[in-house]
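Those protein sequence lines, which keep their order, are chains A and B.
Just so we're aligned, residue 1 is where the first sequence starts under full-length UniProt numbering, counting upward by one.
Just so we're aligned, residue 1 is where the second sequence starts under full-length UniProt numbering, counting upward by one.
Some hints here could point you the wrong way.
[Said to hold, decoys possible] Chain A is nowhere near these chain B residues, computed Cβ spacing over 10 Å in every case:
#1 THR16
#2 THR18
#3 VAL84
#4 ALA141
[Said to hold, decoys possible] Only some residues are given here: those of chain A computed to face chain B with a beta carbon under 7 Å:
#5 SER177
#6 THR573
#7 GLY574
These are computed hints drawn from the structure, not numbers from a lab.
Each residue gets a CB set at the ideal place from its N, CA and C atoms; glycine is no exception.
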Amino acid sequence: MVSAGELLLLAGLVLAVPAKGGFSQTNHLVTAPQTTQFLEIGSNFKATCMIINTTEVTADDLYWNLAETTVSKELYTKLNESAISVTIPVTSGKSQWLYCKAKEEKSSYVYLNTGKFIYGVFLKKGYPPGKPENVSCVAVQKKTTISSTFSCQWATVGRQTSDVPTEYTLNVVVIHSQNYSVSTEGTHAQVEFVDTYPHFMNLEVWVEAHNKLGKIESERITQDANSFVKTNPPSDIKVISEKDFPTSPLMNWTQPIDKSYGKLKYEIRFCAIGSPNWTYVPKRDIAIDIQSFRLQSLQPYTEYITQVRCQLGDWSDWSDNTTTKTAEDRPTSKPDVWRTIAEVDGKNERRVQFVSKDPVFANGRIITFDIKIQEQKNDNLQWDTILVNGSESSDGQRVITVLKDMLLADLRPVRLYVTASNSVGKSPMASLLILAKGHEYPPVKGLKVWSAEGKLWLQWTPPNGSEVSEYVVEWVSGDQTDWQRENKHTRLTAIKGNLEEFVRYTVSVYSIYSGRIGKPASKEVYLKDGAPLEGPVVRLNDKPGRNEAELGWVEIPLHRRRGFIIYYTINYTGGGETHEITVPGNTTSYTLKSLSSNTKYDTWINASTVRGSAQSSTHSFTTLKYAPGEVEGIVVGVSLGFLFVVLMTMLLCVYKKDVIKENLWPRIPNPGESTIGSWSPDYPLKAETPKENCLSGISVLDVDVCDGKSVFEEDKACLPLKKDKYLSEEHSSGIGGSSCMSSPRQSVSDSDEGSDMADTTASTVQYSSVVASNGYKGQTPNPHPQQAVFSRSESTQPLLDSEENPDMMIQEGSRQSQRFKQENPAEIHLLEMDQQQQQEEEEVESLDFCPLDEESEQTNPSEGQSAGSSYMSQREGYRPQ
Amino acid sequence: MNGHVKSMHFQRFMETATTLLSLLLVMAFDSSRTVAASRNQQCGNSVQQSLKLSRLLQKESVDLIKTYKASQGEMSELFCKVPVNNVPDPNISGLEPSEKIASIYSHLQEFFPHFKWVYEQQTDLQLPTSPLLSDLKRFSAGSRNLAVLINNFYQSLFPNVPLPEGGPTTLPPPQNVFQQKVYGCVVLKTFKELLSNVSRELRSLKSQVCRRRTHTNALF
């Protein structure tokens, strides 16, 4: 149903539009409302569209678009044939246009004049303003008066949109006087009072928030103007430390503003330097409008920071720090005595060092420690005074003073008494009893140590059945020792000393039984661990083998380790492959196996903590080609084999002597046993044994050219197998004793060179001339004396090689030497006969020549000449060869 | 019998009336106490504020005179000793509190044109940045605030009775520089004297008026 008001509105609109003379001439649609609308998000908005000055369309042809979206027809309300309304919910989002449009397909006129059949309303969405809250104002001190600038701030409530911004108006009324107001879009503003701040006058202050959707005021504040005043903090603050009142210094200050502005309240706070918390003097203890105050219950000889602030209306800022040290007082607590014990090697003694910290309440600078040590019950003790240099720790920790170093027998207890003194007086006495070794009280149980929140925490269970009076928590790093005491009820505590990260601490808990120290329970721990700074130093423990190598490494120095090494990773690469082996953290050596021989390996080790790892430098080694002993084995094996072969050969020679002899040295008829030999009946064949041949029966001719130096070397003649060459020489003279002497040729078996030489001289081989003479030594004269035969061989035929009959050659050689030596003509003759016979037998065989003979002959012609001088002329006929 | 009955009825009526009257009296007393307490508090606050401001202005007048003398050059000490006519009387007149308060108010009002005149004269004599000018301005504004507080005090004591405005103030004729300097100092000095008198009177009024009114209300 259309209300009467809407119809009235439309009627007015229709009448008003032509009066404006504006779009009525061009637009056939018009909406109500027409202009920009500010809408509250969450509300509904109703708009009406009416057709004017046309009959082309009716209300049924109208539709609404919200931006680009067509509004559902369910939200339309047809007012009459020419008017339609729509009610849309205002949702959150950007502002947008609401269009009333006519369907273009209704007629060609509409289609061609779409601009006349569209009308829009711009919808700006937002929220009504929220009530400003927490309005606070202040007027600050300026020089000696209060500034006339009055500043206020407040908090906004509710949401805002940029399309519907909220503006705030600060209203300040000086009651019965002036009013001030100022607007802003922010949350703070200030007004300027005329000429002066309205002291002692009542002010009414409020903030009004307003936008297109409404306005709202904050709560009104009506207060004395001075209640908004914020003065400067008190100045010239002095804290006077008095010797007679070491715990109650007096402080005074200058108030920031004249008393005529009002009486100021004060607040005082102080804290010891290094303390994180302020101690506030109760406000009820501070009178109004004062300029001095005596602090109480402070610690003597302690630096304190003090601050004051005042209040006229608002509290001023705190004053600057004022630092003062309270006066000294007598120490009021015992010195903190402790000890370190080190075992002495090889002796039943302990090295005990007594140390002490200043009393917790030293109340001054400790100048001396007075100690006495009681080793026996009835010792008449004298106090020893230990001067303290008085230096103070920079990190707030109490300084540790070494009181006494002593050697203490294991079975002997000792008690120490200590007092500490400052310039005012002496502390209560502390004592410490060290029991005989082995008589200590039981330790705490189940000690746990862990790191959390930058501290080391300890938890333990007290020992059974013992009255523990207190506990001492000790932590040691290298040669640094520190401790703290905990009361007997403590089960969980944190170390209060300055611990360093990445440093290993040995934390121990000692239970103390009325001054007697129990056994410690200890753990090693890091406050914070990290990756090692360096890797271990890698080396080979021994020379590498053929297929294995033993690696060893030195543990990382403790200060570089920075954590517990949980494992080492051994890496080695060689032959193109990289291997990785993980071993436990307590390992310091490892044997690499299955390595390739004669291969270079690079190896390195990663040391790992839970936080990371560090790599060592690379160590290289090369495996052996042969395993140790392998070469020796081969040599021994080969030697044994060789020995075996030699042995077998010797045995073969021994057992198969005849066969070998038969094969190698075939039996050659002994000339001595020949028929030729038999023609000399007196020839003692049997007697003329090799013995005679070798030694006594034969004399060597001095002109032996086979070996110029061997004229008297009968041994050579006796050792025909001494060496090949020698043998060759003998061989060369295989036929006839003159063969060696007469033949200028070298043995064929000697060398090729000799062979060449033989070729060149083969045509003119000149055999030595042998002169046979009568009467050999020891020989029976021939009944038919033969004439001396001079034979000379002019044959160009090479001599027969006598290698086939070495045994014969030896004999022959021997004989020849004898012949030359003795120059026995008869024997020579017989020898020639023999030679002739042999040559005949070996006619087809080639002969060897003695190269040395040739050389000797060539290089020593004089010797040949001298030898030749003993020969007779050889022209008288040679025996045919 | 009838007479006795009538007497009995009358007696009962009188008892009822007495009871009602007593009740009304109690209610009226309680109400008056509440109003008196409220008025007493208002009286105390306004006189207290007036008194505090008069003391503050008194202190500031001392500083202002020092500043004035310092900014007037040589012989400044003599300026304040020279008698000057046409400066309002610092003495407060009247016997009744209302008269005294009215006198305070009117005297304060009388000084304002003089302050303005002195400020204008000193504006010609001093540099614009001179602290004297700002101090004069602030002091003058404070004095006006004191007048407002006195008015409040008066209204708290005598509501619906307007304070009589002060009579026309006679400003001095045109003066030479020396006369201007003398005049300014005398005005400040006289006003300081007035403030001293005001403080004294306010203290007196605080103890007299506020307590007396409380006492009066209590009696009522």
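Close enough to count: is the Cβ of GLY574/A nearer than 7 Å to one in chain B? Violated. Min distance 92 Å.
THR16/B and chain A, when compared Cβ to Cβ, separated by more than 10 Å: holds (47 Å)
Quick one: work out the minimum CB distance from ALA141/B to chain A and report holds if it exceeds 10 Å, violated otherwise. Non-interface label on ALA141/B violated, nearest chain A Cβ at 4 Å vs cutoff 10 Å.
Just double-check VAL84/B for me: nearest Cβ-Cβ distance to chain A has to come out over 10 Å. holds (25 Å)
Given SER177/A as an interface hint, is the shortest Cβ-Cβ distance to chain B below 7 Å? Hint holds; SER177/A Cβ to chain B Cβ min 5 Å, cut 7 Å.
So is THR18/B really clear of chain A, every C-beta pair being over 10 Å apart? Since the minimum Cβ distance to chain A is about 45 Å, THR18/B lies beyond 10 Å and the statement holds.
Per the CB criterion, is THR573/A less than 7 Å away from chain B? violated (87 Å)
Of the numbered hints stated above, those contradicted by the structure are hints 4, 6, 7, listed in ascending order.
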